[in-house]
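A.B. asks: Next come the chains, spelled out residue by residue.
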Amino acid sequence: DAGITQSPRYKITETGRQVTLMCHQTWSHSYMFWYRQDLGHGLRLIYYSAAADITDKGEVPDGYVVSRSKTENFPLTLESATRSQTSVYFCASSESQTGKNIQYFGAGTRLSVL
Amino acid sequence: GNSVTQMEGPVTLSEEAFLTINCTYTATGYPSLFWYVQYPGEGLQLLLKATKADDKGSNKGFEATYRKETTSFHLEKGSVQVSDSAVYFCAFSGGYNKLIFGAGTRLAVHP
Numbered sequence: 001d002a003g004i005t006q007s008p009r010y011k012i013t014e015t016g017r018q019v020t021l022m023c024h025q026t027w028s029h030s031y032m033f034w035y036r037q038d039l040g041h042g043l044r045l046i047y048y049s050a051a052a053d054i055t056d057k058g059e060v061p062d063g064y065v066v067s068r069s070k071t072e073n074f075p076l077t078l079e080s081a082t083r084s085q086t087s088v089y090f091c092a093s094s095e096s097q098t099g100k101n102i103q104y105f106g107a108g109t110r111l112s113v114l
Numbered sequence: 001g002n003s004v005t006q007m008e009g010p011v012t013l014s015e016e017a018f019l020t021i022n023c024t025y026t027a028t029g030y031p032s033l034f035w036y037v038q039y040p041g042e043g044l045q046l047l048l049k050a051t052k053a054d055d056k057g058s059n060k061g062f063e064a065t066y067r068k069e070t071t072s073f074h075l076e077k078g079s080v081q082v083s084d085s086a087v088y089f090c091a092f093s094g095g096y097n098k099l100i101f102g103a104g105t106r107l108a109v110h111p
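One line per chain: the protein sequences are A and B, in this order.
Per my numbering: the first sequence = residues 1 to 114.
Per my numbering: the second sequence = residues 1 to 111.
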């Protein structure tokens, strides 16, 4: 399917386990982003990537790891999940043209850490 | 630092009422400004944008004007519908195609 897809849509895990959230986009957008959405905080940027093999930290990167070996994929890994990482996670992508800044979002992954 | 302040919700209105959701921002320079909308169970989608001072963004009956002097980008709609019930996020461009989001304002429209 065209667009940006996230998987899984829902995930329940236990503290200490490793979890990987997947994000795939079909537009060949250069930029990709991971956000978490928590009540009262809006969306907070975890990591972003300007191109394949280029990633950088956002506002709340601790406890997360990303990689971008291919332009279309941007997985987010929680190396050792904690309860505070219970959240809804959104992936987004954006064209590289300066000034556009329009981001396109996936449907989200709801993660519960027990 | 860079930030966006939105009016707290929830905002509850009757159908056909006038809507205003306030948004102010703190940023260096003159960023592009955005309103995103999130319908229940979905990701965010762009509602409208403005790229320079005095620009008016509009879409689906919603409007917002880029006010540089007051660093504001208030969202308005003259007559809301039940289908407008959603969470609305104000945002601005923060460099490297990043967006800085407000906390979101939930709108509930009743028949």
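Just so you know, the hints here were simulated from the structure itself, not pulled from any lab data.
Hints may contain errors.
[Stated by the list, open to error] Think about it this way: if two alpha-carbon atoms lie no more than 30 angstroms apart in a straight line, the pair counts; the simulated DSS-like pairs of lysine-lysine are:
(1) A:57 with B:52
(2) B:52 with B:68
(3) B:98 with B:60
(4) A:11 with A:70
(5) A:11 with B:98
(6) A:57 with B:98
(7) B:77 with B:60
(8) A:57 with A:11
(9) A:70 with A:57
(10) A:70 with B:68
(11) B:98 with B:68
(12) B:52 with B:98
[Said to hold, decoys possible] Among the chain A residues that face chain B by a calculated CB cut under 7 angstroms, a handful are:
(13) 27
(14) 31
(15) 42
(16) 43
(17) 90
(18) 94
(19) 102
(20) 103
(21) 108
For clarity, every value in this text was computed on a predicted model and none was experimentally measured.
Even glycine gets a Cβ: it sits at the ideal position worked out from N, Cα and C.
A.B. asks: Determine for every hint whether it applies to the structure shown.
C.D. replies: Structure-based check of each hint:
{"no.": "1", "hint": "A:57 with B:52", "in the structure": "holds, 28 angstroms"}
{"no.": "2", "hint": "B:52 with B:68", "in the structure": "holds, 8 angstroms"}
{"no.": "3", "hint": "B:98 with B:60", "in the structure": "holds, 25 angstroms"}
{"no.": "4", "hint": "A:11 with A:70", "in the structure": "holds, 24 angstroms"}
{"no.": "5", "hint": "A:11 with B:98", "in the structure": "holds, 27 angstroms"}
{"no.": "6", "hint": "A:57 with B:98", "in the structure": "holds, 11 angstroms"}
{"no.": "7", "hint": "B:77 with B:60", "in the structure": "holds, 9 angstroms"}
{"no.": "8", "hint": "A:57 with A:11", "in the structure": "holds, 24 angstroms"}
{"no.": "9", "hint": "A:70 with A:57", "in the structure": "holds, 18 angstroms"}
{"no.": "10", "hint": "A:70 with B:68", "in the structure": "violated, 40 angstroms"}
{"no.": "11", "hint": "B:98 with B:68", "in the structure": "holds, 20 angstroms"}
{"no.": "12", "hint": "B:52 with B:98", "in the structure": "holds, 17 angstroms"}
{"no.": "13", "hint": "27", "in the structure": "violated, 14 angstroms"}
{"no.": "14", "hint": "31", "in the structure": "holds, 4 angstroms"}
{"no.": "15", "hint": "42", "in the structure": "holds, 4 angstroms"}
{"no.": "16", "hint": "43", "in the structure": "holds, 4 angstroms"}
{"no.": "17", "hint": "90", "in the structure": "holds, 6 angstroms"}
{"no.": "18", "hint": "94", "in the structure": "holds, 5 angstroms"}
{"no.": "19", "hint": "102", "in the structure": "holds, 6 angstroms"}
{"no.": "20", "hint": "103", "in the structure": "holds, 6 angstroms"}
{"no.": "21", "hint": "108", "in the structure": "holds, 5 angstroms"}
Of the numbered hints stated above, those contradicted by the structure are hints 10 and 13, listed in ascending order.
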